[in-house]
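> Spelled out, the chains give:
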Amino acid sequence: MTPRMLDVASKDFDIELRLLLEALYLKYHYDFRGYAVSSLKRRLAQAADRFDCATLSQLQDRVLHEPALFPALLDYLTVQVSELFRDPSYYRTLREHVVPVLRTYPSLKVWIAGCSTGEEAWSLAILLREEGLLERTLIYATDINPTALQRAEAGVYAVDRIASFTQNHRLSGARTSLSDYYTAAYGGAVFDRSLKGHIVFSDHSLATDSVFAEVQLLSCRNVLIYFSRELQERALGLFAESLCHKGFLGLGARESLRFSSHEAAFTPVVPEDRIFQKR
Amino acid sequence: MPTSRQPSATPAGRVDAIVVGASAGGVDALSLLLPTLPADFRPALLVVVHLPRDRPSLLVDVFSPRCALPVHEAGDKQSIQPGTLYFAPPDYHLLVDRDAHGPSLALSLDAPVHFSRPAIDVLFESAADVYGARLGGILLTGANADGAQGLQAVRRAGGVTLVQTPSTARASTMPSAALAAGPVDFVLPLEQMPAVLRAWGNGGAI
Ligand SMILES: C[S@@+](CC[C@H](N)C(=O)[O-])C[C@H]1O[C@@H](n2cnc3c(N)ncnc32)[C@H](O)[C@@H]1O
Chain A
1 MTPRMLDVAS KDFDIELRLL LEALYLKYHY DFRGYAVSSL KRRLAQAADR FDCATLSQLQ
61 DRVLHEPALF PALLDYLTVQ VSELFRDPSY YRTLREHVVP VLRTYPSLKV WIAGCSTGEE
121 AWSLAILLRE EGLLERTLIY ATDINPTALQ RAEAGVYAVD RIASFTQNHR LSGARTSLSD
181 YYTAAYGGAV FDRSLKGHIV FSDHSLATDS VFAEVQLLSC RNVLIYFSRE LQERALGLFA
241 ESLCHKGFLG LGARESLRFS SHEAAFTPVV PEDRIFQKR
Chain B
1 MPTSRQPSAT PAGRVDAIVV GASAGGVDAL SLLLPTLPAD FRPALLVVVH LPRDRPSLLV
61 DVFSPRCALP VHEAGDKQSI QPGTLYFAPP DYHLLVDRDA HGPSLALSLD APVHFSRPAI
121 DVLFESAADV YGARLGGILL TGANADGAQG LQAVRRAGGV TLVQTPSTAR ASTMPSAALA
181 AGPVDFVLPL EQMPAVLRAW GNGGAI
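Which chain is which? The protein sequence lines are A and B, in order. In terms of the working numbering, the first sequence has 183 at position 183, counting the first letter as 1, and numbering is strictly consecutive. In terms of the working numbering, the second sequence has 141 at position 141, counting the first letter as 1, and numbering is strictly consecutive.
The set of hints was computed from the structure by calculation and includes no laboratory data. Wrong hints could be hidden among the right ones.
Part of the chain A face toward chain B, derived, beta carbon under 8 Å [stated by the list, open to error]:
1) R43
2) L77
3) V79
For glycine and all other residues, C-beta sits at the position ideal for the given N, C-alpha and C.
Could you build all of it, start to finish, from the sequences and the hints given here?
If you want it as structure tokens, here you go:
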């Protein structure tokens, strides 16, 4: 089912898109002007449809004058998909190649940029607990979508997702059973409060904010694909600045440093799993 | 500033890129089609085949040795090279974007369309937006309706469209849905497609 009311290929659509993004920036200080255009267009055409707007100009008019609409629009501007231990081999590689180095630090800071609804943060907390490192760790999990951050903080996931989460966790080289970390309640699985004590969820934009901490591990997965090369460059600059000497950077399965001037600042650790180390 | 009133000199050939979509039976169909393309074929080919999401795609390994053209799995933000075949990776949508260097590939994790990621509609609609009339769209065998709307988007933008004759397709739902969604330029069995493709590439009569 693809509801297509607006023709994204029309010339006016491009003009209206630029004006809408400019308006959102001026009014709400969210900057989507440097995002990859093709998928953004699709999602905005869907948003216009959902809010009964025949054009993006109408959508712009509504979102400027009805601030209550903005959070709902944000769910179209950003893409909230995640899983616990998504791409298990990424987490297996963290255990094998990164954890041994992390052990050498007396205290650890980890930044998860673009944490969405929290699955990646809870996964890393579980992994670090299994490896005996969580007690000395503070995880910063950041995103620009407040609704996603609230859900991340709540740490409640639908029961029907648990089977695949459990499978992913097992494939990640688990030392314990996933069920050790959640209890069933409210029709969902609620993740362990004792993990939560080591995670700080907060609002931070890779497009407009600056570095806030020095970290030993930075995981930013499936966020850079939504950015243009120029915006990727900005985000990777923040990462290079935030990471300590020899700190680790993990990206999404289809993301790379290839087009970036920051590539030279990193050495690949396990290229297939997109794990790099700052020189 | 260039204006839309001053078209740049049109390069040879009818199209700069061809998008191809297939689902059930698609690998066999593509095996008859893609190896027929000559090494000097100019357009880029972008291909979506619906595949299980949790297995690494073997498409590049299967087609590389059999095709005269270079074969790659599509990577995010890569510039699209002429005469090159790109397959969408499993579990990501493949789109066409435009950057300072020209048309480029983009991947996304947006929600599945027609229960599929990659979805054919997503590729075709974004390619139509970037390539306009200089695009060919081909829909082959498949057991769902993905691609039907995308092919119409290709046509609306002035591109040229081709659908496999449903009765010759392993699964006829996809080509039938494409024909039901609106007019297309060619309806052909696989054996007759290579000649048309070459004509699109060379600027022949078709
Ligand atoms: C597809 S999700 C990735 C979730 C998780 N990292 C994973 O891989 O499973 C992308 C996330 O990036 C966030 N995002 C988009 N733009 C951002 C920005 N400028 N700064 C920080 N996060 C951003 C979105 O809100 C969304 O939650």
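> Taking the hints in turn, state whether each one holds.
Status of the hints after comparison with the structure:
Checking R43 (chain A) against chain B: minimum C-beta separation of about 7 Å stays under 8 Å; hint holds. Given hint, L77 (chain A) at the interface with chain B, is violated; its Cβ is 12 Å from that chain's nearest Cβ, farther than 8 Å. Because the beta carbon of V79 (chain A) sits about 5 Å from the nearest beta carbon in chain B, less than 8 Å, this interface hint is met.
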